Amino acid sequence: MSDPQCKALLTAVNLTKRFGGLAANQGVNLSLERGKLHALLGPNGAGKSTCINMLSGDLPLSEGRILYEGHDISRLTAHQRSRIGIGRSYQRTNIFPQFTVFENCRLAAQSRQQRAWKIFSSAAVDFAPEKERAMAAIEETGLRDRCSRQAGTLSHGEQRQLEIAMVLATQAQVLLLDEPLAGMGSEESAKMVELLRRLRASHAILLVEHDMDAVFSVADTITVMVNGVVLESGSPLQIRASADVQRAYLGHEGSFHV
Amino acid sequence: MNFPYSLWSKLILLAALLAFPALDMPFYAELVAKTLLFGLFAMSLGLLVGYTGLASLGHAAYFGIATYVVALMTPGYEAASFWLTFPAAVLISAASALVVGLFVLRTKGIYFIMVTLAFAQMAFYLFHDTALGGGSDGIYLNARPDATLFGSKLIDLDKPLHLYYLIVLVLVLGYLFLQRILQSPFGRVLAGIKSNEHRMRSMGYPTFRYKLAAFTIAGGIAGAAGYLYAVLFGFITPELLSWHHSADVLLMVILGGMGSLGGAFAGAVAFIAMQEIFSSFTKHWQLVMGVVIVVVVLFLPGGLVAIPRRARAAFFGGASDE
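From first to last, the protein sequence lines are chains A and X. Here the first sequence is numbered in this note's numbering, starting from 1 and rising by one per residue. Here the second sequence is numbered in this note's numbering, starting from 1 and rising by one per residue.
Just chain X, with the same shape it has in the complex (with noise of 0.2 Å):
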């Protein structure tokens, strides 16, 4: 029964994604793709908070870090290569996320979110304070990167167009990827060290190698988001890797639904469509978004993923699996 729904509920998605550039309209699209961007963003956050039990408040440095990555390999105005940057940008977030890996998965708990904060926030004042990309004002992209493959122009990412389909092409990738990922024996082991980590140990299983790995993996997806999203702006500030920005993907995940992907992402939609539309109408914007999320989180605690199924329990009587 479920499996139909929720595949269904994809393709139909998928489809409409893929169609929504016929209607053109130039402000939505670049709306769109900012929140696939951010869904992307909040399913990797997703693998450590809702599948490893690793709640961390310093997730946006990955995602920042990518961001950085790619303006300073286009010192210039001169592009640089898609195939060297992308690749390159994906690399440096996940060894970010290796290394502060190696400190932070020594802690549990409350001293887990200080210590993922603290680095996030060490991440934040390099770029923030140095001149390394800009200090506190940001940095301009000059050119997006091209993505030449062998002498042909196919993929043009000064193209709205193509940049919008480059987009959806990674949100797809790196969703089937974390899927694969969470179905496969490596997912159980990190199923298994949310739910009673102490017995993983004792059963023979290296847990802490695991969640380096997922770390790691989370960190590398975070920073393929942040690479499209320089590439789709073209500025950078140090503000994408402050801990609000942290937070926020923090909240998506929590508002669509630990646990699931789908429910991650649905986080990032719901949370960005709230910014737009509370803000256009209050200054205090931020106000009434903490009143929904608090609601969510006190009446919905499955997320926003599980009004489906609360629907379907409540109208055909079918069991709720609370």
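Just chain A, with the same shape it has in the complex (with noise of 0.2 Å):
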């Protein structure tokens, strides 16, 4: 394990999704370490949400490899990806809004036991890997006091929180976040850049995010994706310093200030 070739989780290698004729990826490299945070940039439209939901097996590929650990994972279905370590959260709010925060991580956390398929044993009896677990992940996550809330009852930056949380009780390796900040306030916003901080430490972490101050403050990789294909690809300082980056964004929003 020591090969530094080995050194990603995850690797992409010649991505590529069409809808038709519309390649809505095509030929997109990423790869994916741990204790690094790969951000992915680009206008809407550019194809980040479809490169995340083939990475996460939420769609088949056209074309191209998916590796993790260095097998090749591109024919696993979603869940199955789940079980090795691959966890994702969604730009749309996508939790259990019935049940309680803590119902959304215990399932959450379930989900790595056989126990799952007992159908005699009471899931409310303590079992203590699982609970253990679900409270880490919502210690981890600020929402200790929100425990025995309803989740749809919870603010909308208190349920962006709630789905990393969720991805977390999975224990997955690999984090695939699709727009964490979307539509958080300005301390929310700066609470989960500290959380992605110190998430970034154990895990392999794609960040798809519109927050330019956010991802560059904890990016050490960001690719940037125009028209489903790769533009640029490099440190945060490469990025500030590419022409073709600058010229890419003030053509499609003028907001990209370095």
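It is worth saying that the hints were derived from the structure and are not from the lab. Since the model is a prediction, treat every value here as computed from it, not as a measurement. Heads up, a few of these hints could be off.
Below 30 Å or equal to it, Euclidean Cα-Cα: the simulated DSS-like pairs (lysine-lysine) are [what the hints assert, rightly or not]: (1) X:K108 x A:K118; (2) X:K10 x X:K34; (3) X:K34 x X:K283; (4) A:K7 x A:K36; (5) X:K34 x X:K153; (6) A:K118 x X:K10.
Pairwise CB distance ranges, derived in the manner of DEER restraints [to be verified]: (7) X:D156 x A:I84: 54 to 64 Å; (8) A:S155 x X:Q179: 32 to 42 Å; (9) X:V288 x A:I84: 53 to 63 Å; (10) A:T100 x X:Q179: 17 to 27 Å; (11) A:D145 x X:Q179: 26 to 36 Å; (12) X:L176 x A:G142: 34 to 44 Å; (13) X:A313 x A:T100: 14 to 24 Å; (14) X:F235 x A:Q113: 43 to 53 Å; (15) X:Q179 x A:C147: 23 to 33 Å; (16) X:F299 x A:T153: 18 to 28 Å.
Using N, Cα and C, we set each Cβ at its ideal position, and we do this for glycine too.
Fit the two chains together into the complex; they arrive one by one in their own frames, and the hints show the way.
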């Protein structure tokens, strides 16, 4: 495992997705390492969500390969990828609104247990490992005092935190986070960025995000996509300096300040 | 607050059921037994509709298949063994549900409703149009199964009282079994699938397998109800597998309240009671019943089981849960 070639936990090679004649992703290469946060930038419609959906197994690939710890996982389903350690959060909050915060996380943690198939034991009875993992995820994301609240009644920002907590409770090694800061106030954003920094130490993270300040402050590597292809990939400094990126962003949104 | 109330109501109901034969009203005894079997049947569908989010319109197939299993295993006038035919009927119903589930659970929403209906119609025509089970005329069960155990005739299904208590026993066991499942980790997964199946998959649950397990269990329990129905009435027609029958049980679940076993049971009781009452004074009883169901669905979205809770909220000013 000391081989530098094997350092990447998740590698995507020539990721391509065609919807009819439209190539939503064309030849995208990405690599995620533990301890590193890789951000994916690009204007709306650049193919960022398509890319995450292919990595998580929500969308099948048209072409290309995905390697996890060196194994080809391109054909695994979404639930199989979750089981080997690839977790994802969603751009639009995707929780169990009628369940409590704790039950949302407990259910996520339970997915790692064979116990999920036991039809004669009680889910409410103490079962230390999954409860501990659920509580750890809740603590980590700062939702401790929201534990027994119904998830649907949380504020938007708290629901975004719960999204992440559920991924953590599955003990994912790779975190695919689709716009975790979307719609958050500045204070909540700051807390989320803090959380991303902490999580980076022990996970490999892919972050899709529109908030430039946040991205440039936490990312180790940034990949910029436009129209389904990778325009540029490199360190935040390189990306800031790239003339191509400047042009693409000024052309599309005009909001990329350096 | 909630728990003792619901526990008490169940214990009182059970006591009433156990004491009922003492009133010695044979006509009503058969009606009550039939109602209990529909209650069990409705609870099995409740597992799918209320807890897993699968609105099957073909659930009568598994009830009906079990009725034919007991009839076909009793070809002449010789009684077949209860200990053989009952497990066989439950297993064959469950296996049929497993096979059908492999296909129908790949679909969602309106398509799921349509394919469950289509499979049930196939089963209906299998018995209706072939000589397998007497065709459209149906088939008589000439001898009730023999429940002799280790040479002792402790349970004699030819005695209405024995059959009645067996039905109560199977109902209670079926209820406890479903209740146990729903509180288990497996039950929580089903609730998660109902709430947000996509997220369940992305959290690592192979949701198809869980839904298939629920569909199979529901089919097996419907089979237990169907078996006892055949033994109770001794006459089986393909109508038991018809889509009307599937629609009736779905209406029972909706009427009583989805998302609780008690609701499915209450729906079955209300449905059959209305059938008896309305048909006693009008030929157009289905019209009256239709109106009642529409009113319940419109004004009582929680179904009949929501009535006590709403009444308490109204009288004591407690917060209603809406």
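Outcome of the hint check:
| no. | hint | verdict |
| --- | --- | --- |
| 1 | X:K108 x A:K118 | holds, 26 Å |
| 2 | X:K10 x X:K34 | holds, 19 Å |
| 3 | X:K34 x X:K283 | holds, 22 Å |
| 4 | A:K7 x A:K36 | holds, 11 Å |
| 5 | X:K34 x X:K153 | holds, 24 Å |
| 6 | A:K118 x X:K10 | holds, 26 Å |
| 7 | X:D156 x A:I84: 54 to 64 Å | holds, 58 Å |
| 8 | A:S155 x X:Q179: 32 to 42 Å | holds, 35 Å |
| 9 | X:V288 x A:I84: 53 to 63 Å | holds, 58 Å |
| 10 | A:T100 x X:Q179: 17 to 27 Å | holds, 21 Å |
| 11 | A:D145 x X:Q179: 26 to 36 Å | holds, 32 Å |
| 12 | X:L176 x A:G142: 34 to 44 Å | holds, 41 Å |
| 13 | X:A313 x A:T100: 14 to 24 Å | holds, 22 Å |
| 14 | X:F235 x A:Q113: 43 to 53 Å | holds, 48 Å |
| 15 | X:Q179 x A:C147: 23 to 33 Å | holds, 26 Å |
| 16 | X:F299 x A:T153: 18 to 28 Å | holds, 26 Å |
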